[in-house]
Structures are given as C-alpha cells and as structure tokens.
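> What follows is the residue order along each chain.
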Amino acid sequence: MKIPMHWRLLDAVEAVAALLWPRALHRHTGWLLMAPAIALVGLLVIGLMYMGDSSLRLLDTETFEQSADYSLANYAVLASQSTYLTVLVRSTVAALLVTVITVALAFPYAYLMVRTRSAWTRKFLLISLFLPFFIGQVVRAYGWLIVLGREGILNNLFALVGLGPFKMIYNYPSLIFGLVQYMLPFAVLLIAPAVTAIQEELELASESLGADWKRTFLHVTLPLARPGLVSAAVVVFALTLTDYAMPVVLGGGTNDFIANAVYDAFFRISDNGLGSAVAIALVLFGSTLVGVLLTVLGTGTPDRD
Amino acid sequence: MNARGKTLLLWLVVGFNLLTLAAPTLVILGASVTTGNMIVFPPEGFSLRWYEKVFASEVLRDAFVRSFWVSLVCTVVSVPAGTLAALGLARHRLRFANLLQVYLLLPFTIPLIGSGIGLMLFFGEVGVLGELWPVGLACGVVNLPFMIWSVLASANGLDPDLENAASNCGAPPVQAFLTVTLPAVTPGIITGALIMFVLAFNEFLVSLLLTDANIVTLPVSIYNSIRSIITPDLAAVSVIYILVAGVAIVVLDRLVGLEVFLKGR
Chain A
1 MKIPMHWRLL DAVEAVAALL WPRALHRHTG WLLMAPAIAL VGLLVIGLMY
51 MGDSSLRLLD TETFEQSADY SLANYAVLAS QSTYLTVLVR STVAALLVTV
101 ITVALAFPYA YLMVRTRSAW TRKFLLISLF LPFFIGQVVR AYGWLIVLGR
151 EGILNNLFAL VGLGPFKMIY NYPSLIFGLV QYMLPFAVLL IAPAVTAIQE
201 ELELASESLG ADWKRTFLHV TLPLARPGLV SAAVVVFALT LTDYAMPVVL
251 GGGTNDFIAN AVYDAFFRIS DNGLGSAVAI ALVLFGSTLV GVLLTVLGTG
301 TPDRD
Chain B
1001 MNARGKTLLL WLVVGFNLLT LAAPTLVILG ASVTTGNMIV FPPEGFSLRW
1051 YEKVFASEVL RDAFVRSFWV SLVCTVVSVP AGTLAALGLA RHRLRFANLL
1101 QVYLLLPFTI PLIGSGIGLM LFFGEVGVLG ELWPVGLACG VVNLPFMIWS
1151 VLASANGLDP DLENAASNCG APPVQAFLTV TLPAVTPGII TGALIMFVLA
1201 FNEFLVSLLL TDANIVTLPV SIYNSIRSII TPDLAAVSVI YILVAGVAIV
1251 VLDRLVGLEV FLKGR
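If you're matching them up, the sequences are chains A and B in order. With the working numbering, the residue at position 86 of the first sequence is 86, and numbering never jumps. To get the working numbering, take the position in the second sequence, counting from 1, and add 1000.
The set of hints was computed from the structure by calculation and includes no laboratory data. In this text the structure is predicted, and so the values were computed from the model without any measurement. Just so it is clear, CB atoms sit at the ideal spot from N, CA and C, and this is done for glycine as well. Watch out, some of these pointers could steer you wrong.
Claimed, not checked - Taking CB as the label site, the calculated pair distances span:
id : chain 1 : residue 1 : chain 2 : residue 2 : range
1  : B       : Lys1263   : A       : Glu14     : 33 to 43 Å
2  : A       : Thr86     : B       : Arg1227   : 14 to 24 Å
3  : B       : Ala1184   : A       : Tyr70     : 47 to 57 Å
4  : A       : Ser270    : B       : Leu1012   : 49 to 59 Å
5  : B       : Arg1227   : A       : Glu14     : 35 to 45 Å
6  : B       : Phe1055   : A       : Thr83     : 43 to 53 Å
Could you build all of it, start to finish, from the sequences and the hints given here?
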C-alpha cells in the first residue's frame, strides 16, 4: 500500500517535534506554549526598564545628552512645578467625570441590548456600538470637530434661529463629551455580560412582589450588575486618565492631560529623563488609583452569600 | 404604566447614545462628497472629486499601504503567540498561574503612553526605529490580551477528553493538536485575528511615537492633517476607515455573530 504524502509529511513533523521536545519535557509543555507570549510582553518590561533608567538621568542643557549618573532630580521637578500638578488634577477630574457619565449612559444601553426581545434591535444596537469602536479615535474626534466647529452643523442649526456661533470645540466640556462618546462602546461591552448573567426572572419576581421598576432597578438589577459596572468604571477611568489623542484634537492644546505632558517633555523640550519620569509617575499613579478603586468598589466578582 | 415609563427612559438614553455614536460617522460620510472646498455638513452638492484626489495622492496611498503592512505584521506576530498562550492557560496546569495572568495583562495595565515610550526607547537603543515592522510588533504586544481572551473563550469550551480520545486512538501530539485542538479554537483565532488587525490599522499613539515623518501610518497622517489644514479629502480618507470598520463587522458577524460579546467569559 502506498503511504499518502501528507501522512509522510506529518510523520516527519512528528519526528522533528519529538527531537526538539522529547517526552521527558512533556510535563512542561504548558510553559513552552506560554513562551512566545511571555517573550512579547517581556518587550514591554524591557521598555519599562529603559524608561525607569532614563527617568533617573538629568539632561545636560548644553550638550542635550543625558547625564551618566543617577539622580532623583526629575521627580523633584515633577513634585515642585505647578504645571504638572495642574495636569494631574485636570486628568484625574476628567477621568472621574467621564467614568461617571459614561457608565450612567452605558448601563441603559447594555440593559436594552441584552433584554430586548427583538433580535433585529439587538443586532442594530451591537452594530451601532462596534462601528465607532472599529473606526478609531482620530477619525471620530475629527467627526466631532466637524459637528461642533464654528461652521459645523450645530452652529448652522443655531444660526437658523439667529443664535451663535458658539465656541464648542477646543474647550474642556467638548473634551469631556468627546471622551464620553469614545469610551461608551468599551463600557457597554463590559457591562453587557454582567447584565446577561442576571436572570430576568429575578426582576419579574421583584415586580410581582410589588416593587415598581425603579425599586427593582435600584435594589435588584443594579447590585447584580455590579461586576460589570466595576470593570467598566475601572477600564474607562484608566483609559481616560492616560488618553493622548482627545486632549490634543478636541482640547485644542490648552487642556493637556498627563500623556500630553509626557509627549511634550520628549518632543518639545527633548528632555527624555523628565518625560520618562512623568511616564513612570503615571504608571505608578494609575496603578495605585485603580487598586484603590478596586478595593473600594470590590473586585467585581460576586459575593456568594 | 410602570413598564411604559421604564421603556421610555431606556429608549431616551439609548437614542441619545445612538445619536452621539453615529454623528461623527454620518457627518464624515456627508462631508466627503461635497462639491465645495470646505468641510461643511450638509455638503454643497454631490461630487466624488475628493475621493479622486485621495486615490491620486501618493502620500495618502503610501500611508494606507504602510498601515496595512503594520496591521499584517501585528496579526502575524500576535496570532501564534496569543493562541498558544491561551491554549497553555486553558489546557495545562501551570504553577504561578495567577502571577502569569497578571503578567500577561501588563499590556493593559501599563498606560499606552508608558508602553509606547518604553518601546520607543528600547527600539531606539537597538537601532530599529525607522522601520515599519517594529510598529507592527509594538501593536501586537500592546493588544495581545485581546487575542488571548478571544482564543481563551473558544478554548474554554473545548472538552479536554477529546484530545485524550485522539491520543488513545493513536494520534501523536502534533497530529492531535492539528486535528482536534486547532479546529475547535478556530472561531476564537479568527475573531482575535480580525480584532488585532483592525486595532493595529487604527493604532494612533504607538504609531505616533514609533514612526518618523518618512514612514507615517494612516492615522498619524490624518492627525497631522487635522492639525494643519482641514479640507474635504480628509473626510474622504476617513471614509476608508468607516468602510474597513464596516467590512470587519460584517465578517465578524458572519463568523461568530456579534452577540457573542454579550455573554460573559
């Protein structure tokens, strides 16, 4: 009987695999599988180390080279100059605002999407969510510039009734608004699985016991959806705090966030050390805040009574 | 009565959301077909001349090709790594499994600006800045958790006994992998690959940090244009992104159905 080609090929592959990964090592196959991913993430770790190293070096303003020895002076600059404090406060307040508004807007959307009986509605809501998600931040911010700009739609509508034109871009409110609509798909996609997990019978039971929909919502739905709400809040907070593109495009350069300060340090004043210090500080600050948030709100895994 | 009030409130909020989600897209589509020279909406007349201008522009064509190449590199790098990692996590009992999961979430826990700058410094030291493939590599690293999650969702549904059965029937390890494991996680792999591709195509900050003026990718190109002069050809370029997003959604829906994202893990 003639042995088919692909059998021969497979046998050869098996032989090579057995050579490279002998039976004795089969216990550790799990680690072999993890190796490529571990290596990839390792690139990030190396990057972090480079950043940490750079943050400890001062810039020689004459040669524009970094110093050979280490010092904490960059961090001292961070702590002392008020511009950095302003940026920090601005970013954190924005992150809190955006988180609250986004989660408040996202929950009804997720709820409707999951609970609706019509498959068409669900599909429509899903597509409306994924389309912006796949379009990207820059293009969407650009769209908002057109809508809110001086010659934009809204101002044109206002002009029809004799109002305006209003300055609706390059300011803080428009930035917050842009961030909220950018974060909305993230929040909905994180809340939806949690709502799916709530059995509808629980809500029906609550209503049949006499609670109106508001009480059912507050005392049954909301607490049960908590894991989703927590993860949505944490993700939106972290993403907003560290955002780069929106403050530049919609904020107009006067509402910079921490990420913008990092970029400016690197590319406007060529001080890699200072920029690295801000970036490291952001990583630490962000992780701490997220840790605090998670402790306060609970990790989101439901408690079993 | 009560149900009516609830439905009304729900649809009010959802309607507002739909409006804000759709507005940029519709406006860009509309503005791109204007006959005039300015970005206005509603457009003045209907003309495809801005699309002509885009296709004729070498700068934009090059940026598009570069973005495509970056996305390709990203997908090629992250699909094997993510798939194997997800299978490793789902199939094998590893010591330090929790630590490993925290480690693999680093691309998400480290802010994008931090990852980007760190990689920029590292790639600079190693001397690969100025090439496109590091940008693809960086996109793959930064979005890796998405790939792992995607395959993990499929892998968790795979009955471990199937692979044991294959081995019992005499299949050597590689063959068992190819004939049993891989086909079972294929939905997750394809979903993940699609997501990775689209995310890399859209990736702005990492591109901004890792490219110079000679090798800009499309998002950076659009961003630079927004900051200088805004003409309708920018809207035409943005429509490309809308089309890519549309195609991705259709493919995703045909393959796994968008509803899969509604379920928990």
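> Determine which of the earlier numbered hints do not hold for this structure and return their numbers in increasing order.
5
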